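Working from the sequences, and respecting the hints, build out all of it.
Each chain is listed here by its residues.
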Amino acid sequence: MAIPKEQLDSVKERVIQIVSQNGAKEEALLQILHDIQADDNSLSEAELLQVARALDIPLSRVYGVATFYSLYSVQPRGKFIIRICESAPCHIVGARAVISAFEEALGIKMGETTTDGKFTLEATSCLGVCGVAPAVMINDEVYGNLTPDKVVEVLAEYDADEA
Amino acid sequence: MDAVNLTIDGLSVEVPRGSTILDAASKLGIDIPTLCHHPDLAVKAVCRVCVVEVEGQRVLQPACAYPVAEGMQVKTNTARVREARKTVVELMLAHHPQDCLQCERNQNCELQSLAYRLGVREISFPYIERDLPIDELSPAMKRDPNKCINCRRCVSVCHDIQGVGALESVNRGFDTVVTAPFWRSIAEISCVTCGQCVLVCPVGAITERDDTEQVWAALANPQKHVIVQTAPAIRVSIGEELGLPVGTRVTKKLTAALRRLGFDRVFDTDFSADLTIWEEGNELLHRLSTGGTLPMLTSCSPGWIKYIEHYYPELLDHLSTCKSPQQMFGALAKTYYAEKAGLDPADIVMVSIMPCTAKKFEAGRPEMSDSGYADVDVVLTTRELGRMLREAGIDFSGLPEEEYDEPLGISTGAGAIFGASGGVMEAALRTVYELVTGKELENVNFEDVRGLEGIKSATVSLPIPEAAAAGDKATNNGVSELEVKVAVAHSLQHAKTLMEQIRAGKAEYQFIEVMCCPGGCIGGGGQPIPTNTEERTLRIKAIYEEDAGMPLRKSHDNPAVKTLYKEYLGKPLGEKSHQLLHTHYEPREKF
Ligand code: SF4
Ligand code: SF4
Ligand code: SF4
Ligand code: FES
Chain W
4 MAIPKEQLDS VKERVIQIVS QNGAKEEALL QILHDIQADD NSLSEAELLQ VARALDIPLS
64 RVYGVATFYS LYSVQPRGKF IIRICESAPC HIVGARAVIS AFEEALGIKM GETTTDGKFT
124 LEATSCLGVC GVAPAVMIND EVYGNLTPDK VVEVLAEYDA DEA
Chain R
785 MDAVNLTIDG LSVEVPRGST ILDAASKLGI DIPTLCHHPD LAVKAVCRVC VVEVEGQRVL
845 QPACAYPVAE GMQVKTNTAR VREARKTVVE LMLAHHPQDC LQCERNQNCE LQSLAYRLGV
905 REISFPYIER DLPIDELSPA MKRDPNKCIN CRRCVSVCHD IQGVGALESV NRGFDTVVTA
965 PFWRSIAEIS CVTCGQCVLV CPVGAITERD DTEQVWAALA NPQKHVIVQT APAIRVSIGE
1025 ELGLPVGTRV TKKLTAALRR LGFDRVFDTD FSADLTIWEE GNELLHRLST GGTLPMLTSC
1085 SPGWIKYIEH YYPELLDHLS TCKSPQQMFG ALAKTYYAEK AGLDPADIVM VSIMPCTAKK
1145 FEAGRPEMSD SGYADVDVVL TTRELGRMLR EAGIDFSGLP EEEYDEPLGI STGAGAIFGA
1205 SGGVMEAALR TVYELVTGKE LENVNFEDVR GLEGIKSATV SLPIPEAAAA GDKATNNGVS
1265 ELEVKVAVAH SLQHAKTLME QIRAGKAEYQ FIEVMCCPGG CIGGGGQPIP TNTEERTLRI
1325 KAIYEEDAGM PLRKSHDNPA VKTLYKEYLG KPLGEKSHQL LHTHYEPREK F
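Protein chains in written order, with my numbering: chain W, 4 to 166; chain R, 785 to 1375.
Simulated from the structure, these hints should not be mistaken for lab results. Certain hints may be false.
[To be verified] Think about it this way: if two alpha-carbon atoms lie no more than 25 Å apart in a straight line, the pair counts; the simulated DSS-like pairs of lysine-lysine are:
id, chain 1, residue 1, chain 2, residue 2
1, R, LYS1346, R, LYS1280
2, W, LYS8, R, LYS1374
3, W, LYS28, R, LYS870
4, W, LYS112, W, LYS82
5, W, LYS15, R, LYS1374
6, W, LYS28, W, LYS15
7, R, LYS1374, W, LYS28
8, R, LYS1269, R, LYS1223
9, R, LYS1355, R, LYS1374
10, R, LYS1346, R, LYS1360
11, R, LYS859, R, LYS870
12, R, LYS1360, R, LYS1350
[What the hints assert, rightly or not] Per the computed footprint, the stretches of chain W lying under chain R, defined by three or more beta-carbons under 8 Å from a beta-carbon of chain R, are:
id, stretch
13, 42-52
14, 57-68
None of the values given here were measured: they were computed from a predicted structure. Beta carbons are placed, not taken as given, at the ideal position from N, Cα and C, and that holds for glycine.
Spelled out as structure tokens, the structure:
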């Protein structure tokens, strides 16, 4: 067996609860995955296997859905997901420099997660706030008119937040 | 019949309502190119290679999925259509490693022939390497997702026909590819190694694990005594692999060809199929008379064994403890045969030719070494044997007809029909009937359990002679009868139906045969590509012709098996049998 039993057991109760809240049917899979991901921004193999067992569908189906929608991640992600807009308006006004600033400040590349599990850097398509380009979204919060200096300030807010 | 009239390329055609444009065109002799479409699968409209112009529709439509309608006007060969098809194929090739010359599917690849046929001579897009991990951990198969064209055929066969669901389309856009969850190896998950995905894959993305080098090495080693057993289904399919018409029987040429390759003895799995019937038939009677676990399930199909271990581990007691004919053969080769021939079993290399990828997995199960050695050393599929024969330049048409070697090459028609769904059941019934009634069975053909229907069943009445019947069963006109209800399932979706009945306590059968692959071994994952319903049907016909042509048709009449019991095993279900011919099973997790 590929996944250690302790891992499977540790997620079981929570998964079963979320599945039953959502009606334990395959049609509810998207919502189930959304709820499961809420705790740590990602879906683990153990979690998806428990979902598959609870719904009595193949794990491959669950994994297929989880990798199809960009909303979900099967890679571990940080507590804070920094989504940097890469669409044209942001690009023109300096998204590249903003990306470099984040990469430098956090010591990771786009798509990676800091070793303390706090931040993940991701590219995203238009955030719909082109008026304040370049813009990023950190979890549900939008930050506009960014410059490399401002990046440092923004991150400082989160340094204070040690919760 | 509710008919529809339409026009394709200016020609009128009438087809039943519900037909697709593809069906209608083929009736007119217009061969619309396809790729994801497969005659036995539900896959539709994935690849868009089959697009056509439908009057009144702005965009091109996939002929394989588009239903015909009255008065419809279709064009299959306009500049726009040709251009679109070419673009579809070029886009595939833009991230496809084009190493046709080294590819196992070279000259039998649907993408390759399509590119040729559509006149793709240059690719208008830059090549982007995908660099995905190749999965070589399974003892049965190899997956190279870099070659995957995302047609989803394997997904369909694995989920819908086999009810397993090991593979799925993952990611989106350019990154879309078919693979196992979390990029696990198929060896780590509950894939049953049936190889049905290999049969339907249009390209070289899933293949068997090639073990031919091991066999060449053994054949070249003068210290080794290399013996071979051929499964029942090989004699009706190896000819096809070498270019003869589908369903050609080549039993006696096969033996000659194997001798030319250099095997020291050419034996027959049909022999141990007969032996299986002695053991399994007696096991059934024993369970019936002692209140053992019923229904008893057959155990010769290793993909099926792996399936029940993963999916119904609580029902493992229902499985017959008999090893498969391949493994019985191996265990005897390195004991009985070694003794008889005065050989050190350490010097024997046992090769089997199987229609099956799961047999590779089975031979590697750690418990399959009751002889003190690996009972079977190497398993080759029909395709791999074909490869060796081609490489060696052995041409079937010029070969003489030769017999199998004695004694392990002697068999009956009952052994031969193991190759088709229903065959193990029929062979068992031929023997059980005579064991129970003490009378000769007049008509040995049990037609009810033959054919391609998903689940077949029959009730067989066995009149019991007066003496044996004392105090037994229902009495009918003074004659006691033992009624045996049997069922036969092939492909795991149908096995699943029966297993659910057993789980619910609703199965009314005493004996159930399950073969993992559609049609049984003749449709196994190691067979020539393509293996579709058409090929399966012709091979099944050939198997029953083989049976009908045998002088002996019942396993208990096999003289070599009788001698084996007399000289070596003692009696069916005896101590030696238990040691060499029976096995146990292992519950596995569903993953
Ligand atoms: S899969 Fe087909 S097209 Fe691709 S390399 Fe192999 S033979 Fe060539
Ligand atoms: S071998 Fe059978 S079970 Fe395994 S992936 Fe292929 S079709 Fe599915
Ligand atoms: S592995 Fe083969 S059958 Fe499966 S989707 Fe890819 S190309 Fe199609
Ligand atoms: S063959 Fe019709 S879409 Fe693939």
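* Is it true that the CA of W:LYS112 sits at most 25 Å from the CA of W:LYS82? -> Holds: W:LYS112 and W:LYS82 sit about 17 Å apart, inside 25 Å.
* **Straight-line alpha-carbon gap W:LYS28 to R:LYS870, limit 25 Å** => Roughly 42 Å separates the two Cα atoms, so the pair is violated.
* Quick one: see if chain R covers the stretch 42-52 of chain W, three-plus residues with Cβ-Cβ under 8 Å. => That given contact holds, which follows from 3 residues of the stretch 42-52 of chain W lying within Cβ reach (below 8 Å) of chain R.
* Asked: Are the Cα atoms of R:LYS1355 and R:LYS1374 separated by 25 Å or less?
  -> Status violated; Cα separation ~38 Å.
* To do: Please count how many residues of the stretch 57-68 of chain W have a CB within 8 Å of a CB from chain R and say whether that reaches 3.
  => holds (count 8)
* **Restraint status (C-alpha distance of R:LYS859 to R:LYS870 at most 25 Å)** => 16 Å, holds
* Asked: Does the alpha-carbon distance linking W:LYS15 and R:LYS1374 stay inside the 25 Å limit?
  -> 15 Å, holds
* **Satisfaction of hint between W:LYS28 and R:LYS1374, Cα-Cα up to 25 Å** => This hinted pair holds, its Cα atoms lying about 19 Å apart.
* Asked: Quick one, are W:LYS8 and R:LYS1374 close enough, alpha carbons at most 25 Å?
  -> 13 Å, holds
* To do: Assess, step by step, whether the Cα of R:LYS1346 is no farther than 25 Å from the Cα of R:LYS1360, and give holds or violated.
  => Cα-Cα ~15 Å, so holds.
* Are the Cα positions of R:LYS1269 and R:LYS1223 separated by 25 Å at most? -> The hint holds at about 20 Å.
* Asked: Can the restraint linking R:LYS1346 and R:LYS1280 be considered satisfied, given a maximum Cα separation of 25 Å?
  -> 37 Å, violated
Hint compliance for this structure: hints 1, 3, 9 are broken, all remaining hints hold.
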